[in-house]
Amino acid sequence: MTETRKGQLLIAPALLIMAIFTLYPLADGIRTAFTDQHLLKETMKYVGWANFQRIFADEIFWVSLYHSVILTVSVVLLQLVLGLVLAWAMKQKLPGIRLFKSIIMASWVIPVAATVIMFKFMAQPDIGLINILFKLTGLKGLNRYWFGDMHAALPFIILLHLWRNVPFYGVAFLAAMQAIPASYYEAAEIDGARAWGRFIHITLPGIRGMIIVMVTIHVLWTFNNFDFVYLATGGGPVNATDVLPVYVYRQCWDSYTIGYGAAIGTVMFVMLMIYFIIYIRIYEKRAGAR
Amino acid sequence: MSTTSKSKKISAVLAYLIVFLSLFFFILPMLWIIYTSFRTQASIFTGKVFPPPEEFTLENYQTILSVTEFPRYFFNSIRIAALVTLASLVVSIFGAYGLSRFELRGKNLMIMGIFSTQMFPQVLLIIPLYLLVFRLLLLDRVIGVSLGHIILVLPFQVWMLKGYFDNIPLDLDNSARIDGCNILQRLLHVVLPVAAPGIMVAAFFSFVVSWGDYLIVSIISQSQRTATVTLVIKRLSGSLLIRWGQVAAATVLTIVPTIALFSFVQHRLVEGLTAGAIKEE
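Residue numbers (this note's numbering), protein chains in the order written: chain A, 254 to 543; chain B, 115 to 395.
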């Protein structure tokens with residue numbers, strides 16, 4: 254057996270599993286989008302573009318899309334900025350920072366369901382820590398269930414994302430920063446570059462690769478994220494926090510209209526694919542220009 | 115000179131401020147839920163931060179562990195996460211090693227394909243997956259749920275391990291080959307020991323994803339036979355009259371295994387997770 258054949262054999266199981274349980278479901282999901290399939294009905298038929306026409310007129314779809322975009326953009330941007338701030342702080346050689354670094358990523362490893370419960374409890378009126386703290390600082394009028402508030406619910410979902418991911422960003426950026434040769438900074442210091450200048454001209458370019466990977470993957474993960482919204486609010490109050498993944502889930506598993514749910518899922522997929530293609534184009538152009 | 119020492123002082127103050135705010139925001143919620151889990155329902159409802167000592171209790175844990183079905187779900191979660199970790203590790207180690215060490219046609223396309231699965235909406239995949247699992251008679255089976263989780267972790271795991279293997283010098287393989295080792299021997303006896311930290315992180319990743327999953331379990335699990343801790347804490351926290359002390363105790367028990375494992379891999383976690391990202395430099 255040739256070396257190449259052996260290599261193929263090693264990869265085969267992984268590719269096979271992904272083909273059967275990821276690629277096939279994707280293709281079949283897109284096929285389902287063109288049917289009127291219902292979870293409780295035996296028969297189904299192809300309905301052409303009818304589901305997509307329905308999407309176009311579906312107000313909740315547009316609201317969910319709007320929330321999905323707002324959520325993804327603000328979450329990823331805030332994570333990027335706060336992650337950089339955190340990485341900068343952890344880069345300082347100060348007593349206690351090592352211990353801090355070792356515990357700070359804990360929020361990333363615990364189940365989302367647990368995170369949501371912690372915050373739902375803290376957001377309870379009267380007995381939740383957030384409202385207790387408001388009361389202690391004289392802001393008693395703010396006492397409310399924060400996930401049940403039309404205007405506060407979506408910002409609180411953003412907060413949940415930040416709570417989970419900012420430490421991950423911080424530690425990842427720190428790892429990339431530490432890979433930058435110290436001589437770069439020494440040279441800049443001789444040239445009299447200020448801290449801000451060093452950050453812009455050395456640190457940021459130095460961790461560019463890491464920033465690109467973190468942002469790309471988190472755009473995909475955040476846009477596709479289901480459990481934060483579903484577990485915290487289910488999309489409510491009214492539709493104040495509805496996002497596309499949760500809307501798809503409800504269409505499929507609460508209303509059993511899996512044809513329509515699949516159509517919305519297909520639209521999500523197409524949007525992410527466009528994002529991905531644009532990203533690769535820009536990335537290749539940059540790589541070519543260098 | 116005095117300006118640098120002054121700016122150093124400002125940096126230190128700023129850094130500690132960030133550290134303090136971070137501890138408050140990222141760590142306090144966890145401590146608060148632990149604190150709550152030892153309080154009585156009545157005590158929680160007083161809204162006091164520091165109740166008198168007699169209002170603390172172990173009752174919540176006793177109830178969760180002996181009255182409710184929580185231990186059973188906990189055991190389900192352990193079984194599923196262990197199976198997922200073991201199976202995905204074997205498959206992804208082989209796959210990543212193949213991608214890292216062999217010149218194959220269409221390799222870049224394969225890597226791109228594996229990475230691009232991250233953009234597939236899980237809520238879309240789960241529809242055909244449900245029907246597939248149903249037809250395979252794996253609905254409400256540990257294997258059915260595990261299968262769903264393996265698909266969740268496999269692409270990222272292969273990508274990450276490939277990056278990790280890429281950082282291990284080829285000379286190691288080559289000298290072993292000259293000594294007459296075949297591919298499996300090389301992988302098992304030469305590469306794996308060196309890659310152990312990366313493997314540990316990969317194992318940790320799949321355990322945590324499986325343990326924390328809600329989406330797939332909520333659809334493939336149909337009964338107590340396969341229900342996991344995430345389903346249960348969601349149900350407990352959604353009841354009409356929420357017993358917050360018990361919810362807190364169940365939540366703490368759900369968090370404990372992940373934090374315990376985290377303490378073992380903590381210092382290698384990011385290095386392992388981002389191996390795929392760093393090596394391209």
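Any given hint could turn out to be false.
25 Å max Cα-Cα, derived SDA-like pairs, lysine to any residue [as the list claims (entries may be wrong)]:
{"#": "1", "chain 1": "B", "residue 1": "K162", "chain 2": "A", "residue 2": "F409"}
{"#": "2", "chain 1": "A", "residue 1": "K354", "chain 2": "B", "residue 2": "D254"}
{"#": "3", "chain 1": "B", "residue 1": "K122", "chain 2": "A", "residue 2": "V466"}
{"#": "4", "chain 1": "B", "residue 1": "K221", "chain 2": "B", "residue 2": "V204"}
{"#": "5", "chain 1": "B", "residue 1": "K221", "chain 2": "A", "residue 2": "A405"}
{"#": "6", "chain 1": "A", "residue 1": "K344", "chain 2": "B", "residue 2": "V256"}
{"#": "7", "chain 1": "B", "residue 1": "K120", "chain 2": "A", "residue 2": "K388"}
{"#": "8", "chain 1": "A", "residue 1": "K388", "chain 2": "B", "residue 2": "F170"}
{"#": "9", "chain 1": "A", "residue 1": "K259", "chain 2": "B", "residue 2": "C295"}
{"#": "10", "chain 1": "A", "residue 1": "K259", "chain 2": "B", "residue 2": "F229"}
{"#": "11", "chain 1": "B", "residue 1": "K123", "chain 2": "A", "residue 2": "K388"}
{"#": "12", "chain 1": "B", "residue 1": "K162", "chain 2": "A", "residue 2": "L389"}
{"#": "13", "chain 1": "B", "residue 1": "K120", "chain 2": "A", "residue 2": "L389"}
{"#": "14", "chain 1": "A", "residue 1": "K538", "chain 2": "B", "residue 2": "M226"}
{"#": "15", "chain 1": "B", "residue 1": "K123", "chain 2": "A", "residue 2": "Y438"}
{"#": "16", "chain 1": "B", "residue 1": "K122", "chain 2": "A", "residue 2": "Q431"}
{"#": "17", "chain 1": "A", "residue 1": "K346", "chain 2": "B", "residue 2": "L131"}
{"#": "18", "chain 1": "A", "residue 1": "K354", "chain 2": "B", "residue 2": "F170"}
{"#": "19", "chain 1": "A", "residue 1": "K346", "chain 2": "B", "residue 2": "L135"}
{"#": "20", "chain 1": "B", "residue 1": "K120", "chain 2": "A", "residue 2": "E439"}
{"#": "21", "chain 1": "A", "residue 1": "K388", "chain 2": "B", "residue 2": "K162"}
{"#": "22", "chain 1": "B", "residue 1": "K221", "chain 2": "A", "residue 2": "K346"}
{"#": "23", "chain 1": "A", "residue 1": "K354", "chain 2": "B", "residue 2": "M314"}
{"#": "24", "chain 1": "A", "residue 1": "K388", "chain 2": "B", "residue 2": "M314"}
{"#": "25", "chain 1": "A", "residue 1": "K346", "chain 2": "B", "residue 2": "A196"}
{"#": "26", "chain 1": "A", "residue 1": "K346", "chain 2": "B", "residue 2": "I141"}
{"#": "27", "chain 1": "A", "residue 1": "K294", "chain 2": "B", "residue 2": "A156"}
{"#": "28", "chain 1": "B", "residue 1": "K162", "chain 2": "A", "residue 2": "L395"}
{"#": "29", "chain 1": "A", "residue 1": "K259", "chain 2": "B", "residue 2": "K122"}
{"#": "30", "chain 1": "A", "residue 1": "K259", "chain 2": "B", "residue 2": "I141"}
Far from chain B by the CB rule (all over 10 Å, computed), these chain A residues [said to hold, decoys possible]:
{"#": "31", "residue": "E256"}
{"#": "32", "residue": "I264"}
{"#": "33", "residue": "L318"}
{"#": "34", "residue": "A342"}
{"#": "35", "residue": "T390"}
{"#": "36", "residue": "P408"}
{"#": "37", "residue": "Y438"}
{"#": "38", "residue": "A440"}
{"#": "39", "residue": "I443"}
{"#": "40", "residue": "D444"}
Honestly, the hints are just simulated from the structure, not real lab data.
Every residue, glycine too, gets a C-beta built ideally from N, C-alpha and C.
* Can you list which hints this structure breaks, lowest number first? -> 2, 3, 5, 6, 7, 11, 13, 18, 22, 24, 25, 27, 29, 30, 31, 32 and 34
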